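Engineer: Kindly produce the complete structure, drawing on both the sequences and the hints.
Taken in sequence, the protein lines are chains A and B.
The working numbering puts the first residue of the first sequence at 1, with every later residue one more than the last.
The working numbering puts the first residue of the second sequence at 1001, with every later residue one more than the last.
Each hint should be verified, as a subset may be incorrect.
Said to hold, decoys possible - Residues of chain B placed beyond 10 Å of chain A at every Cβ, according to the derived structure:
(1) Leu1021
(2) Arg1023
(3) Arg1027
(4) Asp1066
(5) Ala1076
(6) Gln1152
Claimed, not checked - With the C-beta cut set under 8 Å, the calculated list includes, among others, these residues of chain A facing chain B:
(7) Val87
(8) Thr149
(9) Val169
What the hints assert, rightly or not - Label pairs and their calculated CB-CB ranges:
(10) A:Gly10 - B:Leu1165: 22 to 32 Å
(11) B:Ala1316 - A:Phe48: 44 to 54 Å
(12) A:Thr220 - B:Ala1099: 27 to 37 Å
Just so you know, the hints here were simulated from the structure itself, not pulled from any lab data.
None of the values given here were measured: they were computed from a predicted structure.
Idealized CB from N, CA, C, for every residue including glycine.
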Amino acid sequence: MSGRILRRVGFFLGIGLLGLFAIIPVLWALITVFKASTDLYVFGPNPFLFNDPPTLDHLVILFKNTNFPVFLKNSAIVGVCVVAITVLLSVPAAYALARLTGGWGERSGMAIFLVYLIPPSLLFIPMYRIVVWLGLANTIWSLVVVLPTITIPFCTWLLLGFFRAIPRVQDEAALLDGCGYFGAFRKVVLPQVWPGIGACMVFAFSLSLGNYIYAATFITASSQRTVTAGVPTELIRGDVFYWSELMAATLVVAIPLAIAYGLFFNYLVGGFRSAEEALTGR
Amino acid sequence: MNSSTIAPVEHAREEGLLARLGRALDRPQVLVWLMLGPAVLYIIAFVGFPFILAIALSLSDATIGDPSLDRYVGLANFAAVMRQDAFWIALRNSLLITAASIGLLLVLATAASELLVYSFRGKRLFQVLFILPWAMPVSLAAIAWLWLLDSQFSPVDWVLVQLGLLGPGSPLGPFSHLYYLGRPWLGIASLVVADVWRMLPLATIIVLAARLSIPEERFQQARIDGAGFFRILFRITIPALRPMLIVAILFTSLLIIGEMGMVEILTRGAPGHATQVLPYWAYLKGIQSGSLGQGAAIALFLFPFLLVAAVLALRAAYRSPEA
Chain A
1 MSGRILRRVG
11 FFLGIGLLGL
21 FAIIPVLWAL
31 ITVFKASTDL
41 YVFGPNPFLF
51 NDPPTLDHLV
61 ILFKNTNFPV
71 FLKNSAIVGV
81 CVVAITVLLS
91 VPAAYALARL
101 TGGWGERSGM
111 AIFLVYLIPP
121 SLLFIPMYRI
131 VVWLGLANTI
141 WSLVVVLPTI
151 TIPFCTWLLL
161 GFFRAIPRVQ
171 DEAALLDGCG
181 YFGAFRKVVL
191 PQVWPGIGAC
201 MVFAFSLSLG
211 NYIYAATFIT
221 ASSQRTVTAG
231 VPTELIRGDV
241 FYWSELMAAT
251 LVVAIPLAIA
261 YGLFFNYLVG
271 GFRSAEEALT
281 GR
Chain B
1001 MNSSTIAPVE
1011 HAREEGLLAR
1021 LGRALDRPQV
1031 LVWLMLGPAV
1041 LYIIAFVGFP
1051 FILAIALSLS
1061 DATIGDPSLD
1071 RYVGLANFAA
1081 VMRQDAFWIA
1091 LRNSLLITAA
1101 SIGLLLVLAT
1111 AASELLVYSF
1121 RGKRLFQVLF
1131 ILPWAMPVSL
1141 AAIAWLWLLD
1151 SQFSPVDWVL
1161 VQLGLLGPGS
1171 PLGPFSHLYY
1181 LGRPWLGIAS
1191 LVVADVWRML
1201 PLATIIVLAA
1211 RLSIPEERFQ
1221 QARIDGAGFF
1231 RILFRITIPA
1241 LRPMLIVAIL
1251 FTSLLIIGEM
1261 GMVEILTRGA
1271 PGHATQVLPY
1281 WAYLKGIQSG
1291 SLGQGAAIAL
1301 FLFPFLLVAA
1311 VLALRAAYRS
1321 PEA
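Structural biologist: Below, the structure written as structure tokens:
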């Protein structure tokens, strides 16, 4: 009996520590956002308490006096376009690999992984040349064209797992009913992988939003910057850091993304599970 | 009468044509290329081609001012890169930071997945909080850490002072600040902690997915045989997880070793080049100083090692008897 209680205490202790580790910088950011500057830059008193009344000033400044709304808009456009391109290309590709190619398609998980051996940090210099050739330098469209290189391999791999989890018997039955291969895909298989597609969309959106190296390399014009490159370059002026505004920008982006991820957490785990089973041939 | 009978016939023939076209495309051999083709072409155009271009650039004297590939300089860029002290420090740091992060991540992700297998009240909320670090764009995450580890206003320092661990006459020294990002080794340690923090959610999802694939009967059998928690963990769970732990190592280490945002924002490679890493050094050389050839050479340097490591790791994952 006491062993059981001990295990329960240990369990929640572990959960608590993990959660604390995950949110410490965010918690500190949250306190910073609402602190008056006179309360923030002082030594001595407990930095976790509000010694002056909390204020919304920093949030107002962020949205009114900086380019942050422009960055948000640019990031949203890039994110939505990248998600659309990713889904349009990787859903059919994953289905083709899962169903139409026979043996080697099932094993293609490994090949998709190898694309990640050529990461953005290796490609950004030639990619910069290509973006210039395409006449897209200094526009958000450079990111729309280039970022799917990161999202497509990953989403294809994840979707491969979702498709593989659907019993083959179902599309075979649809084929017998005269649906045809594409019909079987559209009417029988596709409706069942919506959670997987949703998980992929969240993943692709956050990957496209989070990429720093391309955003920093391709774009220098303030009006075309996205959140990742715009916030560090424009809210930090030389040695002057607008800390409260920086933390506000961080939270405004992070919290909605975290909620979206949280909603799809179990689907992500499920997708990884079948994708991993495909990879190790279980 | 005549004309009215012709119309439906023509209509039927048209439908036949469409249907025939549809049937022609709806064979697995054709459909597979229609569905797979766009993604493959895109990857060839925007990963394969730039990769070739990266190799070409690294063998040329291209600069931002004169980006043409007209002069072949052989391995001169690689030789020039290897003469720089900063390059060797960056290489060492990249490998060190990645290895240290992966070591910590393996332990923490296995522990976290062991906890998240169970359901408990408030799990949804916990998942949202737990995944926050991964959901954040890397540059913003770095800024949050920059503020947390600020040289003067770090709340971590404040807590350490309150605990009597920092400040005059305390074990950690007479100053009341640790200057995390201003000292070589403390800077590297800070980068490791920030990387672990950022990657833990992803690593946990990968390991948790593998953990859920282990048949429950195996645990029940072991419990019936009287095996304790740690015996089950080391004899059943970890061996069964092994192939996916290898994949998790590969995946997260590729993401960590290729990331420059953390270093650029947290330390800028300072003090000196003590916390420099390869991607940021490639960026400084290739874009900031405009030497595209040298930048490409630095970025390419890791590729052969990563390729060999990845192939070995994936082969090990496939071969594993537990798979």
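Engineer: Run every hint past the structure and note whether it holds.
Structural biologist: Hints, one by one, checked against the model:
1. Leu1021: 12 Å, holds
2. Arg1023: 8 Å, violated
3. Arg1027: Label violated. Min Cβ-Cβ 7 Å, cutoff 10 Å.
4. Asp1066: Check passes; 12 Å lies beyond 10 Å.
5. Ala1076: It holds; B:Ala1076 is separated from chain A by about 17 Å at its closest Cβ, greater than 10 Å.
6. Gln1152: B:Gln1152 not clear of chain A: closest Cβ-Cβ about 8 Å, inside 10 Å.
7. Val87: Not OK, violated: A:Val87 not within 8 Å of chain B, min 11 Å.
8. Thr149: At 5 Å from the nearest chain B Cβ, A:Thr149 passes the 8 Å test, so the hint holds.
9. Val169: This interface hint is violated because 17 Å lies over the 8 Å limit.
10. A:Gly10 - B:Leu1165: 22 to 32 Å: 26 Å, holds
11. B:Ala1316 - A:Phe48: 44 to 54 Å: Between B:Ala1316 and A:Phe48, where Cβ atoms are some 46 Å apart, the hint holds.
12. A:Thr220 - B:Ala1099: 27 to 37 Å: 35 Å, holds
This entry does not satisfy hints 2, 3, 6, 7 and 9, going by the numbered hints stated previously.
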